[in-house]
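Colleague: What follows is the residue order along each chain.
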Amino acid sequence: MKNARWERLKELFAAGLEVPAAERDAWLARSCDGDAELREELRALLVAHDTPSDFKLAVDDAEPDRVGAVLGDFELLEKLGQGGMGVVYRARQRSLGRDVAVKVLSARVSRNARAVERFNDEARRVGRVHHPGIAALHAFGVEGGVAYLALELVRGGDLHHALLAVGARRGARHENANTPLPVFGSRNYYVAIARLAAAAARALQAAHDAGIVHRDVKPQNILLTPEGAPKLVDFGIAHDARLGTPQALAELTGTPHYMSPEQAEVAHVAIDHRTDIYSLGVVLFQMLTLDLPFDGETSNEVLERIRRFEFPDPRRLNPDAPADLAAVCSQAMARAPGQRYATANAFADDLERFVRGEPVVAVVPSTGQRLSRWLRRRTRPLGAASLVAVLAAAWLALDARRRDDFDEERREQEQRLSTCSIALEIEGAAPSACRVTARRRAPDVERGLVEWRPFEASTQVEGERLVVSGLASGDWLLHIDGGGAGRAEVRRFLELDEKLVSAKVRLHLDADVSADMVAVAGGEIALGHEFLRADGSVDPLTLCERVEPFLIDVEPLSCLEYQRSADATQRPYPAHWCGALPESWRERPVTLVSYEDARACAEWYGKRLATRAELHLARGLKSATDFPLEHDGVAVAAPAGAFRANWTGPAEFGSSTEDGLARLHGWFEAHVPPSSELPLGANGMRSSFGVLREWVEDVPIGGSRTRVKFEPTCRYRLGMACDERFAAVVARGRGEPSMPVVHAVAEPLVGFRCARTARF
Amino acid sequence: MSAGGSGITASLQRLRDGDRSAFEDVAPLVYDELRVLARRQMNGQPKGHTLQATALVNEAFERLLRQENPLWNDRAHFLSAAVCAMRCVLVDHARKRGRVRRAANGERVALDDIVEHIEAGGVGLVELEDALVAMSAHDPRMARIAEHAVFGGLSVAEIAELLDLSTRTIERELKFARAWILTQQR
Numbered sequence: 012m013k014n015a016r017w018e019r020l021k022e023l024f025a026a027g028l029e030v031p032a033a034e035r036d037a038w039l040a041r042s043c044d045g046d047a048e049l050r051e052e053l054r055a056l057l058v059a060h061d062t063p064s065d066f067k068l069a070v071d072d073a074e075p076d077r078v079g080a081v082l083g084d085f086e087l088l089e090k091l092g093q094g095g096m097g098v099v100y101r102a103r104q105r106s107l108g109r110d111v112a113v114k115v116l117s118a119r120v121s122r123n124a125r126a127v128e129r130f131n132d133e134a135r136r137v138g139r140v141h142h143p144g145i146a147a148l149h150a151f152g153v154e155g156g157v158a159y160l161a162l163e164l165v166r167g168g169d170l171h172h173a174l175l176a177v178g179a180r181r182g183a184r185h186e187n188a189n190t191p192l193p194v195f196g197s198r199n200y201y202v203a204i205a206r207l208a209a210a211a212a213r214a215l216q217a218a219h220d221a222g223i224v225h226r227d228v229k230p231q232n233i234l235l236t237p238e239g240a241p242k243l244v245d246f247g248i249a250h251d252a253r254l255g256t257p258q259a260l261a262e263l264t265g266t267p268h269y270m271s272p273e274q275a276e277v278a279h280v281a282i283d284h285r286t287d288i289y290s291l292g293v294v295l296f297q298m299l300t301l302d303l304p305f306d307g308e309t310s311n312e313v314l315e316r317i318r319r320f321e322f323p324d325p326r327r328l329n330p331d332a333p334a335d336l337a338a339v340c341s342q343a344m345a346r347a348p349g350q351r352y353a354t355a356n357a358f359a360d361d362l363e364r365f366v367r368g369e370p371v372v373a374v375v376p377s378t379g380q381r382l383s384r385w386l387r388r389r390t391r392p393l394g395a396a397s398l399v400a401v402l403a404a405a406w407l408a409l410d411a412r413r414r415d416d417f418d419e420e421r422r423e424q425e426q427r428l429s430t431c432s433i434a435l436e437i438e439g440a441a442p443s444a445c446r447v448t449a450r451r452r453a454p455d456v457e458r459g460l461v462e463w464r465p466f467e468a469s470t471q472v473e474g475e476r477l478v479v480s481g482l483a484s485g486d487w488l489l490h491i492d493g494g495g496a497g498r499a500e501v502r503r504f505l506e507l508d509e510k511l512v513s514a515k516v517r518l519h520l521d522a523d524v525s526a527d528m529v530a531v532a533g534g535e536i537a538l539g540h541e542f543l544r545a546d547g548s549v550d551p552l553t554l555c556e557r558v559e560p561f562l563i564d565v566e567p568l569s570c571l572e573y574q575r576s577a578d579a580t581q582r583p584y585p586a587h588w589c590g591a592l593p594e595s596w597r598e599r600p601v602t603l604v605s606y607e608d609a610r611a612c613a614e615w616y617g618k619r620l621a622t623r624a625e626l627h628l629a630r631g632l633k634s635a636t637d638f639p640l641e642h643d644g645v646a647v648a649a650p651a652g653a654f655r656a657n658w659t660g661p662a663e664f665g666s667s668t669e670d671g672l673a674r675l676h677g678w679f680e681a682h683v684p685p686s687s688e689l690p691l692g693a694n695g696m697r698s699s700f701g702v703l704r705e706w707v708e709d710v711p712i713g714g715s716r717t718r719v720k721f722e723p724t725c726r727y728r729l730g731m732a733c734d735e736r737f738a739a740v741v742a743r744g745r746g747e748p749s750m751p752v753v754h755a756v757a758e759p760l761v762g763f764r765c766a767r768t769a770r771f
Numbered sequence: 004m005s006a007g008g009s010g011i012t013a014s015l016q017r018l019r020d021g022d023r024s025a026f027e028d029v030a031p032l033v034y035d036e037l038r039v040l041a042r043r044q045m046n047g048q049p050k051g052h053t054l055q056a057t058a059l060v061n062e063a064f065e066r067l068l069r070q071e072n073p074l075w076n077d078r079a080h081f082l083s084a085a086v087c088a089m090r091c092v093l094v095d096h097a098r099k100r101g102r103v104r105r106a107a108n109g110e111r112v113a114l115d116d117i118v119e120h121i122e123a124g125g126v127g128l129v130e131l132e133d134a135l136v137a138m139s140a141h142d143p144r145m146a147r148i149a150e151h152a153v154f155g156g157l158s159v160a161e162i163a164e165l166l167d168l169s170t171r172t173i174e175r176e177l178k179f180a181r182a183w184i185l186t187q188q189r
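Protein chains in written order, with the working numbering: chain A, 12 to 771; chain B, 4 to 189.
This is chain B alone, in the form it adopts within the complex:
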């Protein structure tokens, strides 16, 4: 995850300074970072799911590029935005799917497996989203940490590096977040 890190930070800096041509350098890097994130999302899954990961990347990428004024100061900021975009795509998809299901339409489209992968733990993605929104009212930082873990597929050490916190803090926050989300499910 660290390779190319300085590259993207430098390009984002240029973009922030008003150098529109920097966007040209950023877009491929954005795309690559997203691919890494999406693949990690699908890790531990049987093979043959990479195409779904590609679908997730495509949608998240478009969502990122549609942002009016991206505030990406550095790679960490950017990755957070990417995690957030993937969260939006997946939650949108899960909601849509719920609606379609209610309409007794059994169609299955890309991203279903990724959603199911996240839901394999027994908490529905929509419920998880609701809990995260409720959590951020109490504790925005904790919600952010949980978001990175769930939607970025990031490890404790990576979240710690990204948010500039200690791994102990991340572990402590995630323990509480997990228990809290579970108590919200009843």
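Just chain A, same shape as in the assembly:
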């Protein structure tokens, strides 16, 4: 009976959807045959269906190719490109017989209410402004659940691509008719870019007059007509108060490089039209030099540079740039909004003066000003130098208008950002007797290589500690050499704002540690990474990591070994020990340790955690990108900063903490054998695959081809703790003996093994 009622409900629901809302009450009364309960249930369902809500069950199909489709008055003819929000088509407006650009909001984005609102916003804002420098909005509509904007069709591409083309044929002799800009460096070029910037500034003024701040002025958002006149687009993020942090904004817009210092501020200060003047100034800078004023490894770093540094004089990157145009650029990019042009029109006026060959209003900085700016930039290294030497150096720096000089300045900025320190407490030798060398992990996409670059760190004895300072944010490996007292290693990922990190290490002689380790030759190994393309799809880019010869533990660390270090460093025992290490567990691998505890233990033994590359190399593999070894679990840090393997405590594994502990205890007894019973693999190393996972000392690398970034909130735990079937697969596929492990619970079973660089 129940089912018949359900079927009837579904039938009526489908029919009810066809009934206009006004007639619905009458229809409900008619259709439910006096069954009041059915009627009310049906009414509730229809109301729920009609109520707008973010709750959706299915996504629409992967962005369909809509060529040929008709949206309102517009027939889509050809796909022009894809942006973050949707797809842009060339379309024919049927009523007027003209070609337009139609931006269709992607179905996936349309699930996101905020994105739809932004889209709507863009329509409303742009619709209010009419200016030849702003791509005109013809229509906004929703057709069959698809939201779209019809805009003026601009056929000359965008400034970003035009600049790429200019860069590509830099130094080439012949003009290329396909790009709207003349050859870089010619007088014509500078006149053309000044005209272009002036026209863009006039367009911004029109927007500002209408009360709209663009907030995302960049070459990608400046379209060009075939004649080279600019048309601004993408007013999508104008005035979106919810965009919170600069990082969020950078993520949304895809690039932080054009953000003004006030936009880059962490605590949002008032943003007004002058942010657009700054950003257009950056665009001018880029046109003048084909380079960006600020760059960095991460968007955070770019933002930090924007916040803290003076941008370089454009003429140092391009000595041929006209001084007047450089001065205009400098005025637009003044740090304080009050120092910039007061209006976009004033900016345009000055640019047009340059075009006409008249002197500009912007002040070309005098030698004295440039000198004092230069001196301000380098406060630190000059303490001991004599004034004459300083002035001589400053003069030389100003005179040498070469790229090296600019690169030097970037390095200098890098140094000024390098304010992190690691304080080492060293057991086994006096801090003054130790020599520290530092290396930083440096991914290089162009060469497809991840290397460890040596770095001159300065060290200083402070009481009992040895402080290594001047470190930039990034992934660091410190090697501490105590001479006859032995050596030790420390690996730390330093965040930009992490000023002082401390580490405790014990020096050990090679002879003392090498008994339980095997030596593995270094080499290169391909690692899987999570690189994404601009459209969000996965980029199959592979980086090889270059590994120095190293020593690695034959077995994962045993419970007994862990107990010793935990006692010495006053770290907690794993939860399932219940306060004491059972006698029969002493030789079994330790599990249920957090990443931090594992690392502290390794450092107490004068070693460090093995890296992902090392573990794979030691297993005799050439690549870590293939199944099943790609199967590296990733743990994401809790806010407290601890990396625990996706579990929050014993209570998770049972009805109560006691019950959970008992279960964990049972699993451990049943599935984790003494280390000496683990199968032997390549290099005489015992494999824990199929029994437990192992923490490795790696911060994952992700991002994109153009901007590689570290993911410091994540750590890998390598390998697998799984069932018999899987172990059998591994055994056959990879030449490792099968492990009789049944239904182990993977998550909490995480241990580790240690490694040590063979020579440094």
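Don't read these hints as lab results, they were simulated from the structure. Misleading hints may appear alongside valid ones.
[Said to hold, decoys possible] Straight-line alpha carbon distances no greater than 16 Å define the calculated EDC-like cross-link-like pairs of lysine to aspartate or glutamate that follow:
1. A/Lys67 x B/Asp77
2. B/Lys178 x A/Glu29
3. A/Lys67 x B/Asp95
4. B/Lys178 x A/Glu18
5. A/Lys67 x B/Glu132
[As the list claims (entries may be wrong)] Chain A is nowhere near these chain B residues, computed Cβ spacing over 12 Å in every case:
6. His80
7. Val94
8. Asp133
9. Val136
Just so it is clear, CB atoms sit at the ideal spot from N, CA and C, and this is done for glycine as well.
Following the hints, complete the assembly by docking chain B onto the known chain A.
Modeller: This is chain B only, laid out in the frame that chain A set:
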């Protein structure tokens, strides 16, 4: 989603016929299919969430491999099992999280963002799970369709292909399912 389809079907057939070595071929394919599903789950999200998708795949994969007697006749069966595994992982995680939250423990672990992504529509994952369980008592097929949409991130056309139903049917069923789940929330 169709590339490699015949490969996995053939391997599953061999596995069903008792060829244990087929498992070796299946496991990587299983893993790949799961990755595709998990990534789709995170589509429309800001970048930088792929590592969470990896965490989801890892857990769902282990859960799939732990099944005693997998009844995967073909790719469609298998994908359904994969969707189901991801559902278990995510719902488990959401429940756990609820418990942890009540314990005033503010820790945040992998998968939180995926759960939040699903919950962005305003219906909690645990409530959604309860509604789906209740729905399957009335209408198992509808619950299955809804499960594929929610936990597989699959589109109407893909669900239609997978379950061998028309897109019209899927659309009709999903409309009702959505309205019904919303009425269960009060």
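Colleague: Now look at each hint and say whether the structure bears it out.
Modeller: Results of checking the hints against the structure:
no.: 1; hint: A/Lys67 x B/Asp77; verdict: violated, 29 Å
no.: 2; hint: B/Lys178 x A/Glu29; verdict: holds, 13 Å
no.: 3; hint: A/Lys67 x B/Asp95; verdict: violated, 22 Å
no.: 4; hint: B/Lys178 x A/Glu18; verdict: holds, 14 Å
no.: 5; hint: A/Lys67 x B/Glu132; verdict: holds, 15 Å
no.: 6; hint: His80; verdict: holds, 18 Å
no.: 7; hint: Val94; verdict: holds, 14 Å
no.: 8; hint: Asp133; verdict: holds, 15 Å
no.: 9; hint: Val136; verdict: holds, 15 Å
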